[in-house]
Structure formats: structure tokens, C-alpha cells
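> The primary structure of each chain is shown beneath.
Number of protein chains: 2
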Amino acid sequence: MEFVTGVRKKETLELSKVLAPQSLDQEVLTDGSIYSIRNMGEIAFVILRKRDGLLQTVWEERKTNLSISELKEGDCIRVKGTVRAEERAPHGKEIRAEEITILSSPAEPLPLAIDKWKLNTSLEAKLNIRSVSLRNVRERARFRIQEGIVRGFREFLHENGFTEIHTPKIGAKGAEGGANVFKLSYFHKPAVLAQSPQFYKQMMVGVFDRVFETGPVFRAEKHNTRRHLNEYTSLDFEMGYIEDFMEICQMETGFLQYTMELLKKDYAPELEILNVTLPKTDKIPFVKFSEAKELVAEKYNRKIRNPFDLEPEEEELIGRYFKEEYDADFVFVTHYPSKKRPFYAMDDPADSRYTLSFDLLFRGLEITTGGQRIHDYHMLEDKIAARGMTDEGMEQYMDAFKYGMPPHGGLGIGMERLTMQLLGEENVREACLFPRDLNRLEP
Amino acid sequence: MEFVTGVRKKETLELSKVLAPQSLDQEVLTDGSIYSIRNMGEIAFVILRKRDGLLQTVWEERKTNLSISELKEGDCIRVKGTVRAEERAPHGKEIRAEEITILSSPAEPLPLAIDKWKLNTSLEAKLNIRSVSLRNVRERARFRIQEGIVRGFREFLHENGFTEIHTPKIGAKGAEGGANVFKLSYFHKPAVLAQSPQFYKQMMVGVFDRVFETGPVFRAEKHNTRRHLNEYTSLDFEMGYIEDFMEICQMETGFLQYTMELLKKDYAPELEILNVTLPKTDKIPFVKFSEAKELVAEKYNRKIRNPFDLEPEEEELIGRYFKEEYDADFVFVTHYPSKKRPFYAMDDPADSRYTLSFDLLFRGLEITTGGQRIHDYHMLEDKIAARGMTDEGMEQYMDAFKYGMPPHGGLGIGMERLTMQLLGEENVREACLFPRDLNRLEP
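Respectively, the protein sequence lines represent chains A and B.
Residue 427 in the working numbering sits at position 427 of the first sequence, with consecutive numbering throughout.
Residue 283 in the working numbering sits at position 283 of the second sequence, with consecutive numbering throughout.
FYI, nobody ran anything at the bench for these hints, they're computed from the structure.
The list cannot tell twin chains apart, which means a pair is met if one copy fits it or any two copies do.
The list that follows gives simulated cross-link-like pairs (lysine to aspartate or glutamate, EDC-like), each with its CA atoms no further than 20 Å apart: (1) K17 to E98; (2) K339 to E311; (3) K189 to E221; (4) K189 to E442; (5) K17 to E159; (6) K173 to E442; (7) K118 to E426; (8) K63 to E99; (9) K265 to E155; (10) K183 to D437; (11) K288 to E2.
Model the full assembly from the supplied sequences, consistent with the hints where possible.
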């Protein structure tokens, strides 16, 4: 009998190994996809795209086994050759190819010049041929940064005693009420797609005290804006035994601090490719909703039309205000009006028109909604009744409260929005591998 | 202006801090939910459920501020008191309570004796009141182990150069063909829920070489068995530049080895609570599909009814065979019949009735399906045609191949099935927080 004993030790080296000092002047084996070919006649520069960056290989007449005409962009090849120092090459090193093996070839020439520094292509066109446009190193770098954000979220919360949960996306009833849910038939029963893991993460606070989830959420909103997606990844946490809702803001600040350090440490090449300046997270101002409205009304000479609503333009102005006055990229806007928050939000005992809740704005865009939740069963029942709702279809959610829940709260962060703002993108679709919007269901 | 500067330093201690040697005979503050009360008259043992285990606190008449009659099971409380050594307490320590503050109280007595070692309740009943039944320390321990499995998956793959991706769950067409998909209306367009991230992860191999995703998948299968769920979490990876499909088996073996070590290191209390013996993963046998059928037919005197299909009973017998013959908990069954695999599976050049693919059986149950995929555009087109299919609706998937893809393959692991088998559970619903099956859409 034969056995599998573990990960295969590969002869082909990753980029970091090729670039390591001990590889200099050594014969190595590596592989990659041909990003571009610059043919100078007796010599040609064949740039390989590898997962962690570009690598210059050099084809030389009579020294490399193949003819240069046998190679084309998009080929996946294996290269055996000697590592040489070369200042003008990316990373200051190149491989002088002796033996090239073609592993696979494209059937047609690439429809985009993916080796351009910036793709000179519309967002629509890029999205239509996503599997190719993302091969551009700048395009794909965004999603490496995004990976770092999600890693940061999980690592930080794990270190702070949170348990990861996986909750269902198909359910009988939505968390936030009737509108804006996608409906489906579940074995002839009506069902909906989850708008958020809200009910489940609250129920799990009663079990694990602190929980988080990173998963898709679905919003059937008919918005077609630069900042809306109909399916996005939500970074959610919920924590019990809080003393007040500021603890949630503090936990989020800790996450941002941890994650910026992680990006600096593990994603420096991608930050450089995208020329990203990381925001400061050492101290994040917080301001009450109504005060924020007044501050921007005064400074930017703007009339307050509705004291209980925040217009997108006001959001941007609040971001601008705190940038100008405090050099702050982030600001917590607290105490949102009760009318604008779901029934489970805890009202402010000092003024029940407002809630113990917050949004986090990042460069003028809301990237987080959070707050303290009601934990007392009777208070929750009263609020449901006061809103003219019933708890029909929420019996099992209500059970958690009936049988005792600690004071708690939490938040949800839009992964794509956070990525978008960090990278300074104008459209959230740039920060989503395969966006879903009013018009786009493919690829 | 006021600022948030980071995570709040809590005065209330976590269990590990309470149990730390330096806390002995010190006054501490902690919190938790009352798991049980044993009232002896002048003294009462009040067991707190904290996120990492149980903690004994001791109420004493005239020494503790409250009357014992004011406390009840399910209360969330804060306790100030002195840590004392006490052999008979869990972890050998207890807190002599001086001051107890009730943070919240249940509205009704608990409907289950959650403090029992084993809940004496049917699976159905447990699922119906999930937010309460999971408060039992044994019930919740399973999901801590599950967290460890998913952490192990991500950490191991990250260390091996994989990039995490997030792909859409709503799409225009399913990856595995027409049947068994949930259908929904997406702004008046027909749409389906993803059965797997297959197409997307393959497309992303062309971008990042190695990718993984942990997310929900949806199967509208009308099975109602102990091992099927209609929504589950799939642990997927896909890797490029493979030399053969055994590299995928090797990567999975590496994941299992890494994860068992992680569970030993970080989840020892939960393994002990559940009395789990971790399986050996140092070497995993592999055997061809048709050979495996013959081995069990011979040993267990069973007739082979269909040489191109594997019945669940045969799967179990293969597991039994390798346990008996090689003391192996896992076995890779390779070279599945082409007819049983999707169109994108790479046929074996040596015998095209079979594929370069595998299942991993764990204690007689399939927990993984994987294999090498076709990477050549023309070969893929030919196979689609040979099956009488068209590539309609798959144009953007096909683009990835048209414009060049490395040799690659990957797999999907059922998170709940792996958890179930590791824990020795009889029903996969025991390994899912909120299972979805033919009859269950709530909670």
C-alpha cells in the first residue's frame, strides 16, 4: 500500500526563494505565466507573473533551448536557469534561462494589454472579462490588501476571545424587516436570503459571549450607486458583558490598529504597487449625530433639512470636517435617531429619540453600523409592540432573551467599502472580485 | 473633542486570568452567566459559565451582599471576591463572592437543564431551541473545535502561499449543472444560489496561482439523511502549477496534520470535554476507485453491482477495510469514473473512463471531493461537446482558459462533515449551528 505523507517539496522555487541571497549565481527552477515579452533579437526579456510579483527571465539565442518565437504572452512556463544580479530588473535580479518548458498555452492572444501599469479600460469592460483583467498586477494587488483586512479582522478578534461562527444564509424571515430581501422558494416554502447575521450572532452571544463571522449578505436594494452592492461580504462581531456601547467602538479601533500594522508587515509590496498611504488609527474622534450635523451646517454654511436623517452629502462633509479640523480619516458618529435604527437597537435612556449606536465614517463614507442591543426580554417585547410589529417568525430569536442574555452589542463592517476607502477607489465594484448590482449577475 | 484610542482594558477578568497563579488569594472581578446553583443553606455554589469554561463561585450568608434567593439560573452577573484554592472545584479554584451584581435576568426559567453533562433531549428538540441548548458546555464545545478546523485550514493555506477570495453566491448559472440548485428572482432575472465556488476559484488560479475560500454553498438535494445538509460551509482550495493530482492530496494531508496539531495546542479543553481522540494523519493510504471496490468485495464477501458507482455502504466498508488493515482513519480513493465527475474534471490519459480525481474518506464517510481540472481550452471545449452540453452562460469561465491557465486542481471539504467525523457524531446536524434540511428552515 502507498501513502500520502504531507506537502510535496517542490523543486520550482517561489519568488522569495529565487530572490534570496543564497540563490545568486545558482541554477534554479521556477514557473509562472508570461506577462510580457520584449524581444531585442539575440536576447529577449520574458517577464514572468508569479503570485507574489514579477520576475525577469532572459532568453538568449543559442543559450536557451527554445526559439523565442515559440513563446507568447499568456503561456505558463517552467524555467531552468541561473540567477544573476541585474539592477534594471524588478527586484534587481533576473534568471538567465537555459531550459524553458511550456506547461500550457492560451488559445487566443490576450484581449487586454494586462502588462500595462494601469489598465486603460473602463470598469464595465474590466468586469466583463474579470478572469483576465485581474491578471494585471495592480488590479490583483487590491485583493491581496483585501485579504489582509479580513485576516486582520479574524486574527485580532481571535486574540480577543471571540469565537468564529457560521450562520445560515437561507432563512424563513429577514433580520431587518420585510423590504429589500431576496426571496426564494425552499422546497415549496417561502424563504429569504440573509441581509445580515444579526439575529444569529446575538443568539450566539448567549453561548460564546463574543462571536464573529465573515460571510456574504444579500440586499435587494434598488440603488445603483458607486457605493452599493447587492451582495457583499460583511465582517460582523458581537460581544457580551459590555459596560456601554463605546466598548464596541474601542474594539473596532483595536481591529483597525492591528490591521494597519499587519498590512505594513505582510502586504508592503501591494501597498507600494498601489501607492497607498495607510490612515492613522491611534485616536479616532467621536461625535454625536446631532452635534455632527450642527458642526458641518455651521462650517459649510448648510441648512439642516431633517434633524433625524443624514444625507450622503452630510456624511461626506462630516468626513471633511474631521479631516480639516483634526487630521482624522475616521470618525465615529454616535447616537443615531431611534427611527433610523432597527427595533433591537438600545434606546438612549437619557433621550429615547436617539439610540446607543454609531456609524464609523472613513474618509466620509459609512463603513460600519453598530451599537448596543436590547438584552432584556420585556424591553424588547415592548419595543416590538411600540413599533406596531409582532414577534411572529422570530420566536427562536426571542427565546434567547426570554432565557437570559448579557448586555451586548456589535457591528457589521462592509469589507468592500473598507477596501475601497483604504485604496482610494471611486467605485466599490473596484474592491469586489465579482460584483453583483442591479444590472450585473455575471461573471 | 474626544477620541477612541483602542481596546478597553477590562476590570473583569477572563477565566485564564482568574486561574493564573498570581490571582490566588487576591480580590478579583469577573462575570458570567449562572449555569447552576447548589444551595446548601448558609453556603451556595454558584457555577458561572464563561466563554472558556466553568468557574465556581461561592455565596456565603452574611459575607455576600445579596440574598441567595435573589439569584437564579440564567442570570448574568458580575462577581467581586477572593480567589481560593479548592480541589473539588473545576480547575481547583473558586471565588468566594463578596459582591454580586445582577447584570440581566431571564424572563422565564430555562426550559432545559443545560447544566447536565449530557443533554437528555432529542436532536429535534435541541435544534428547536438552539440558542438555549448550545449553552450546554458539551454542545458548544463542538463549535469551538469547528472553529479550530477552519482556523487550521486558513492558517495552513496562508503559510503555503494561498490567497483568500470571496466569490458571489448569487449567479446566473450553477457550476455543476442544472439540477439541485435553488432558484431565485434577481431583479426580475432568473438566478441561482452557488452550489460551489468552483468556476470562480478556477478563474482566480489564473490570477493568484493558489486560492482558497471558506463560505456557504447551497444544494437543493432532496436527500434527508444523517449526512446531508442543504446549506453547508465548504472549505475550498485550488492550486496552479501542479505536476499531478497527488499534489492536491498532499496539500490536504498537510492541512490535516497542521490542524490536528493546532487542535491539540489551542483546543485541548474542548477535546477533553468531548473525549475526542484525534486521528493519525502522518500517512494516509491511497487506492484506486476500482481497486478499492475489489478489496472490499473480496474481504467482506460483497458483490460488485456497478463498477462505476460507489454505494454509501461500500464507502463505509472501504473505511472499515483501511482501519482494519492499516489502522488508517483516512483513505484517499482516487481515479473516480469520468461519468460520475463534472465536465471540468481531467480524464486519466491512461484510461479515459476514469479521472485524475479523488475523494477523501474519513472513518468511512466522504468529506472531500477533489482532483485535477482541465486547463486546456480546446480540451475543455471538446469535453463539453462530448457531453452534449454547450458553454452558454459559461462564456466568462471559458475566457480564463481561452487566455491561458496553468495546470491546476483543487478540492472542497465539507466543514460540518469533517467536524462530525472528528467528534464521532452520528448526525451532521450536530455539527452545524443552525442546520438547513428538507424540513428545517428555522431557527
